[in-house]
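Residue numbers (numbering that gives the first Met the number 0), protein chains in the order written: chain U, 0 to 134; chain A, 0 to 134; chain F, 0 to 134; chain X, 0 to 134.
The hints are simulated quantities; they were obtained by calculation from the structure and are not laboratory data.
Treat the hints with care, as some may be off.
Taking lysine-lysine and the DSSO-like style, the derived pairs with C-alpha atoms no more than 27 Å apart in a straight line are [stated by the list, open to error]:
(1) U:Lys87 <-> A:Lys98
(2) U:Lys130 <-> U:Lys8
(3) U:Lys27 <-> F:Lys8
(4) U:Lys8 <-> X:Lys87
(5) F:Lys8 <-> A:Lys87
These numbers were taken from a predicted model, which means no experiment stands behind them.
There are 4 protein chains.
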Amino acid sequence: MISATVDIKVPFHDVDMMNVVWHGHYAKYLEIARCVLLDKIGYNYNEMKESGYAWPVVDLHIRYPGPAVFGETIQVTATLSEWEDQLKIRYEIRNQHGKRLTRATTTMVAVDMSTQTMCYESPQILLDKIKAAQP
Amino acid sequence: MISATVDIKVPFHDVDMMNVVWHGHYAKYLEIARCVLLDKIGYNYNEMKESGYAWPVVDLHIRYPGPAVFGETIQVTATLSEWEDQLKIRYEIRNQHGKRLTRATTTMVAVDMSTQTMCYESPQILLDKIKAAQP
Amino acid sequence: MISATVDIKVPFHDVDMMNVVWHGHYAKYLEIARCVLLDKIGYNYNEMKESGYAWPVVDLHIRYPGPAVFGETIQVTATLSEWEDQLKIRYEIRNQHGKRLTRATTTMVAVDMSTQTMCYESPQILLDKIKAAQP
Amino acid sequence: MISATVDIKVPFHDVDMMNVVWHGHYAKYLEIARCVLLDKIGYNYNEMKESGYAWPVVDLHIRYPGPAVFGETIQVTATLSEWEDQLKIRYEIRNQHGKRLTRATTTMVAVDMSTQTMCYESPQILLDKIKAAQP
């Protein structure tokens, strides 16, 4: 299982009138962890673009068992889950006491940029990159 | 069915390197439509707070069949879906040609602010507000 | 004087723990008004790109005499101020009672995208567009 | 001189259609460095609130000599500049090669939260905190 973890200190500008992180900002935290994961595979957004494929997020699902507050450090873990047809990544966010605050998944699909068509199977380059990165 | 629709002109600062709206920004569009819906019911965030309840989003699910681009006007519709135990709202985003770009749902639950405990049933005030607003 | 005004309803996600709009979000409000102004001239970001020039903001100055709060409608006015060498726009944000909340200026300069060099004078296309748009 | 420096890896969601960080996002980078500086003094937003004062940003000025791009690590330095009447902080952002990308200043003033009036001099608590933190 290929995974990556980042620590994020919750900034003031992400906290709303109810004194907790506004729910929409978690998509940023997920992306920061996802990009560390994609860097591990050697296939982050820049490499995706160079390979001729865009990989839009087509599905985002976040559950929020608990809130995060200003100034605390949260730990975001992204784990590669599926890649044959789609690139599916699972996430967990925990606070400093190990309490789980958020669970999420994102699903990305390859779009061939030369034809602007969606791919029903992941292009070979992703499979090769993941194979090479596997422990 | 209580529902609300708003037009949003996609701003430059929501568009990413791939020339489409970054997927995380849709949570803002949903909230703008949700607040118009909640205004219709007379139970928007300020009234929620005054009534002694916070209503955090505990689940956000967005599917993205198609992208939105800079400068286009999208139409976001929020429809009340469930309210007995949770406040569930469904969303659709369409472009100017009526093509569906996004489908989403948010689930909010009441938290009693005096005890900081989650309510397993929606408080009476929500039920009353919805009853009064129904056509 | 070429100018444009837009009404913006302050969204929940722009408001911080102190119950006022977080100061950094005003850059978005300015851009929304700026784009309406640029549309009036017929030289918005897409036309800029097509003309071979990028127009990065090289200076942003915002003063905040008063705060804006969730749900209120603010009025943002952008006025063309200088254009010979740089594209300078002035802004005012007022609340519903006409009270001035914010004053700002942005300065943009043309960058020739083919050579990636900054222009010391505005390209002819901007001057022509402004001339044609003047009342 | 009291100062603080943080490294920030530019996230994908901060980069616009022109492949550079959108100018408005720099206000977030400044705040991240500012909060590290305020932590050093022991007078960050939470302590401000507890002391009975809000400290809104009343003036933001950013100059952008050069752009930042996706994935690069930028270094943001915040330096305390004035504090007798206002809390003025200066910022510099440099890229990995030491090239200066941004210069900025923010000015904050104390607002007595019990009376909602602006203070013409900084409250004693700020002066004490700074004195204690000085090297």
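Each hint, compared with the structure:
1. U:Lys87 <-> A:Lys98: Given pair lysine 87 of chain U, lysine 98 of chain A holds - Cα atoms ~26 Å apart, limit 27 Å.
2. U:Lys130 <-> U:Lys8: Violated: lysine 130 of chain U and lysine 8 of chain U sit about 33 Å apart, past 27 Å.
3. U:Lys27 <-> F:Lys8: It holds: about 24 Å lies between the C-alpha atoms, which stays within 27 Å.
4. U:Lys8 <-> X:Lys87: Distance ~24 Å between lysine 8 of chain U and lysine 87 of chain X Cα, so the pair holds.
5. F:Lys8 <-> A:Lys87: holds, 24 Å
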